[in-house]
Amino acid sequence: MIEPQTIPDTDTAPGDPHADSINPAAGLISYGVGLGFAVLLTVVAFILATTTHLVWQPSIPVALCVLAVGQMAIHLIFFLHITSGPDNFNNVMALAFGVIIVFLLIVGSLYIMSNMNQNMMPMAGMLQSQQ
Amino acid sequence: MSSTTVPHGDPYHLGLFAGDHSPTAEHGVHDLLSKRIVTGYGFWIFLLSDIVMFSAFFASFAVLRDATAGGPSGDQIFDITDTALETALLLLSSFTCGVAFIGAQLKRDTWYFGAMALTFLLGVGFLLLESREFAGLVSQGYGPTRSAFLSSFFTLVGCHGIHVTLGLLWLLTMMAQVWAKGYRPDIMRRLLCFSLFWHTLDIIWVALFTVVYLIGVAT
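Which chain is which? The protein sequence lines are D and C, in order.
Going by this note's numbering, 30 is the number at position 30 of the first sequence; the sequence numbering is gapless.
Each number in this note's numbering corresponds to the 1-based position in the second sequence with 131 added.
Warning: the hint list may mix true and false statements.
[Unchecked claim] As a list, the in silico SDA-like pairs of lysine to any residue whose alpha-carbon atoms are at most 20 Å apart: (1) C:Lys166 to D:Val107; (2) C:Lys238 to D:Pro24; (3) C:Lys238 to D:Ala94; (4) C:Lys238 to C:Ala311.
Rather than coming from a laboratory, the hints here were simulated on the basis of the structure.
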């Protein structure tokens, strides 16, 4: 007689921090910490964008993007519970693939379009060449 | 029985062929556990594909940001106070959604339904603010047909708004299902998918208010 197969708990569903035991206090603290970090990053981003004299002007968009990436990481960790633990390997690999595609799409579009803009004949030159 | 005659129907622990085995209590728990993991993983992949779709809209917005065709640019039409309010509403609704999920895990009715109702109200508030902004822009003559910048703006923000609307319908469905059927394992899996969906909408909004509104106002 074969013993019932015991399955090792080596996987976690995304969004679910407690596979076996439900600990409401820990869950609430996790969501609360995430909310705190998210509010902090949001407030900093809004202050940075609306107060023009605070930092060197051209650095503001870069700083805003860094803050946004940080806040998205906070959401992934504390709200969606995507962590780097071994039980989350499949979820992290899927996320990594998604990030690569998003990066290629956005950076590729911006690079190609700005390159085309630079190499395009100015409007005045186009009108002259038609004559 | 010898080990060769027993079919090993579930080598990857997907929870399939659960009926083939002799039902032991422990096995039943593990079947449910693995089914939940597979469901969550599949929905996670759908969400990532949704994010990839949004990234295409983000890319077109970033490319067309300066193509205003003589119309208004971002800093002339955006009301940053409204954006801050919308951000606060959506962030809080993401928090209450997580609280509702814990309430459902504990099978506490007041906790679950209260937090879900709060999530719904916060989401409705977000949608009202956004539709007011859209209506204001269109009535000023700055509709999506005015310039390429406004076309990409309405497409990107409107697509997120449609997602929030569908999410609110799903939220009401989940409240009705738990009310009618209780905290069954299959209902809990749907609830897990819903909470993932709602949190992902908030992640997209973080990218959205940064790229569209904050950078639009700052530059």
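Problem - Pair hint outcome, Lys238 (chain C) versus Ala311 (chain C) [Cα-Cα no greater than 20 Å] - result: 14 Å, holds
Handout entry: 20 Å limit on alpha-carbon distance, applied to hinted pair Lys166 (chain C) and Val107 (chain D)
Key = 37 Å, violated
Practice task
Take the C-alpha atoms of Lys238 (chain C) and Pro24 (chain D), compute the straight-line distance between them, and say whether it is at most 20 Å.
Solution key: 11 Å, holds
Handout entry: Restraint check for Lys238 (chain C) with Ala94 (chain D), where alpha carbons must lie at most 20 Å apart
Key = Roughly 31 Å separates the two Cα atoms, so the pair is violated.
Consistency with the previously given hints fails for numbers 1, 3, ordered from lowest to highest.
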